[in-house]
Each structure stands twice: as C-alpha cells, then as structure tokens.
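Spelled out, the chains give:
Number of protein chains: 2
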Amino acid sequence: MREVRLIQIEEDIQADNRLEAEKVRRRLEEAGTFMLNLMSSPGSGKTSLILKTIEAVQSMRTPAIGMAVIEADMDSQVDAETILDAGVPAVQLRTGGFCHVDSYMVAKTLPSLDLEPIDLLILENVGNLICPAQSDTGANSNVMILSVPEGDDKPLKYPLMFRECEALVVNKSDYLQMGDFDMDSLRRRAKKLNPEIEIFEVSCKTGAGVQQWAEWLLRKIGR
Amino acid sequence: MREVRLIQIEEDIQADNRLEAEKVRRRLEEAGTFMLNLMSSPGSGKTSLILKTIEAVQSMRTPAIGMAVIEADMDSQVDAETILDAGVPAVQLRTGGFCHVDSYMVAKTLPSLDLEPIDLLILENVGNLICPAQSDTGANSNVMILSVPEGDDKPLKYPLMFRECEALVVNKSDYLQMGDFDMDSLRRRAKKLNPEIEIFEVSCKTGAGVQQWAEWLLRKIGR
Chain A
323 MREVRLIQIE EDIQADNRLE AEKVRRRLEE AGTFMLNLMS SPGSGKTSLI
373 LKTIEAVQSM RTPAIGMAVI EADMDSQVDA ETILDAGVPA VQLRTGGFCH
423 VDSYMVAKTL PSLDLEPIDL LILENVGNLI CPAQSDTGAN SNVMILSVPE
473 GDDKPLKYPL MFRECEALVV NKSDYLQMGD FDMDSLRRRA KKLNPEIEIF
523 EVSCKTGAGV QQWAEWLLRK IGR
Chain B
323 MREVRLIQIE EDIQADNRLE AEKVRRRLEE AGTFMLNLMS SPGSGKTSLI
373 LKTIEAVQSM RTPAIGMAVI EADMDSQVDA ETILDAGVPA VQLRTGGFCH
423 VDSYMVAKTL PSLDLEPIDL LILENVGNLI CPAQSDTGAN SNVMILSVPE
473 GDDKPLKYPL MFRECEALVV NKSDYLQMGD FDMDSLRRRA KKLNPEIEIF
523 EVSCKTGAGV QQWAEWLLRK IGR
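Protein chains in written order, with my numbering: chain A, 323 to 545; chain B, 323 to 545.
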C-alpha cells in the first residue's frame, strides 16, 4: 500500500448569492428568456460552440429564435466582437480579475440588454473548471464543455463541475483520432458523478454533432 | 465601428499572503531547496511534465538531484499516487474546493516533507489559468504550461498568468500537426505581455523538447 500523505484545507468559498440568483431567474421568466450558463476550461471551445449554436438554432426554427450572448472575460473583449460579427447582440462582462461570474454580475448586466425579444440568452462564463461551478449565476441551465485534448480523467479532478451541469458537450471530437481519449471512460466517470447528465459529442470545426446538441437545447427552451 | 458594451466589475481578490510567502522562501533557502510552482489549465499536462522532468533531471546529473512533489488538487489523490509510483516523494494537498494554492497552504504542507535532501520541490498547482496567477505560493519560480489544443489566443484571455511566469512550456507539440495553432502568434502574444519569458516547445508524449526544458530548470537551481 503506497502512503499518500494528505493535507486537507477546508474553506467555504461559496458566496451566498442564491437570493440574487432567484431574482435574476424571476426577471428572466417575466421576459420569457431562457438563460444558459456555459462553462469550461480555457480553450475548450465556448465561443466556437456559441457560434455553431447560433447558426444551427437559427436554421432550425421559424419564427427565428431571439438570441443574445453575455461574454464574460477577465480582460479582453475579443469574444464579444466575434459574436457581434455573427449578427447577435452581445455584451462583454469584464470581471476585473474575478475568476467566475456570480448572480450579482448578471443582475448588473441584464439592464443593458433588451430581454423581451430574447428567447435564449447564453452566458459564456470565464474559462475555469473550478470556481464557476461553485456560484449560481441565475441561469436556467448549466452546461459544460470538455474538449478531447483535456483528457478523459477530468471528472476525477473537477467533480463539482460535472455534478452541477445538465449537459456535457465533448468538443473537438475530431481530436479523437489522436488516440489519447477513451470516450467510454469519460462517459462512465461523468455518469458516476451525475447519472442524469446528457452527453453530446461535437466538433465545432467539422460541425459533427452540433445538430443533436442544438435540438436538445431547443427542447429545453420549449421551442 | 462595432459597439461592445462593457460592464466592468472591480474586485480586489488578491489575498495579502506575501509575508507568509516570504517565510516559506526563507524556510526553503535554509534547507537549500528550490521550489517551482507549476501552473496550467486542466489537462495541459502538469503531471506528465513532472514525470518527464523527474526522468530527465535524474539522468542528467551526478550526484542525483533530490526531488519531491506537492500535488494540489481539489479532490482526488491520483496524481500523488502517480508520482510515488515514479519513486519520488509526493504529498497530496487537498484544497477542499479552493481554486488555487496560497502560501499558507504551502506553509502547512512543508513540515510533512524532509526538506534537507530535496534540491528541487515541484508544486503542481490546481488546474486553473486564473486564480493561481494571483497568489504568491512562496515558490522561487513560476512556470506555466499551455497545451497546443488550448489555442494560441490564450495570452489575450489570461494575461496575468503569462506575466507572472518565468517560463512557458508549450506542451503537446505533437498536436501541432492538427494545424489549429500558430506558434509564432503565441510567441508574439506571450512576449508582448512578458518580454523576458522563456518558451519551450515540448511533447510529454514523444519526449521532444524535454531535455532543453530540464537544462533550463537545472540552471535555475544552480546544478
């Protein structure tokens, strides 16, 4: 038996912002807006998935689905510009060094959007598998992306994120050819933490799997 | 001109743990131990690089370099077990949901290691490009890994991490064949934030570039 010494550091860092999150959800419900909180590590493809989702959703339903995006980033505004270029309203939320979005930040951001025509509001959270999982943003659904190059062991390391999400989008499925990622292991590990989690295999580069993901999302928002 | 609306949220979350970090550095100096703080996103290859570094360093110098590893994780202890299997002392630091390691955690961990024979102590920080960059651990050098699949735009999104590190290990260089990553852009963006940063191209899978990285590290610790 190998000896692993353990140093446990307890700290409750979950801000009690649930009340504010409930206010955000009431505001969204009044406007008929569904808010999706999209989380992942840096570079997993959040902005790419949003662009592909916009494209798919807009081609799949008539009348068109009203969409908008809140782009959270610590510093830059490149992602909001990318979304605006795709013809969708976007607001850049600069967290000023803060590592995740909480419901107070969302509450501060909502007045800058005209919610009435927005059926689906996507919040691109800060690229981080840890802190965003600990904070209710006021969203109606949490979804995470794991990209294939990150490895199939991530549920072991970041269990809370997998528990807090309704759906897991496994992006960059075109990288499966590199042979380092075992999809069955990933599914087993994710389902062990969260038996209800929906799993989608997607490549934002090739477009594979985007349709199935978009169908699920449209069912969630009742369209 | 596209209009990007900005909502700026100011918050100073940098804990003032610099004094404790100085104490950690004094303790390390007394023992003749050099501590490296290794940071990256989840899945960039921190544990793999540590394993490759152990292998390289131990084959490159006589007498052998004394090494040990502090493995920080929110939950699991799989990484510490991997390091122990490689024959190197390892301590698992469980942060209990905390998203980075600070100097107080290191101070609490050091007494469980016999520092005297340790020339090089590697701290594997929590997988996160944000919070670890904001907290002095007491290490003598900060190094980050960016893996090729994460994309060459990461300096734009996570500038503080690139500023705070002496060296950048670009891992998974075998993924460059996928053609999504522009190494020149990455170098330009990283150097713009931090002109002094040393950049190493490495593949922990093939071993490419590990030698150059290990040589730099050995020079840092004066061996």
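It is worth saying that the hints were derived from the structure and are not from the lab.
Careful, some of the hints might be misleading.
If chains are identical, the list can't say which one is meant, so a pair holds when it fits in one copy or spans any two.
[Stated by the list, open to error] Here are the simulated SDA-like cross-link-like pairs (lysine to any residue), alpha carbons at most 25 Å apart as the crow flies:
(1) Lys345 with Met382
(2) Lys430 with Arg347
(3) Lys527 with Tyr497
(4) Lys513 with Glu537
(5) Lys513 with Leu498
Hint-by-hint comparison with the structure:
In this assembly of identical chains, Lys345 and Met382 lie within 25 Å of each other by CA distance neither inside one copy nor across copies; the values are 31 Å within and 61 Å between. In this homomeric assembly, Lys430 and Arg347 come within 25 Å of each other (Cα to Cα) only inside a single copy, at 13 Å, whereas the closest approach across copies is 41 Å. For the identical chains of this complex, Lys527 and Tyr497 are neighbours both inside a copy (10 Å) and across copies (15 Å), given an alpha-carbon limit of 25 Å. When the C-alpha separation of Lys513 and Glu537 is checked against a cutoff of 25 Å, the pair qualifies only within one copy, where the shortest distance is 21 Å, while the shortest distance between copies is 43 Å.
Taking the shortest alpha-carbon separations for Lys513 and Leu498, only the intra-copy value of 20 Å comes in at or below 25 Å, while the best inter-copy value is 32 Å.
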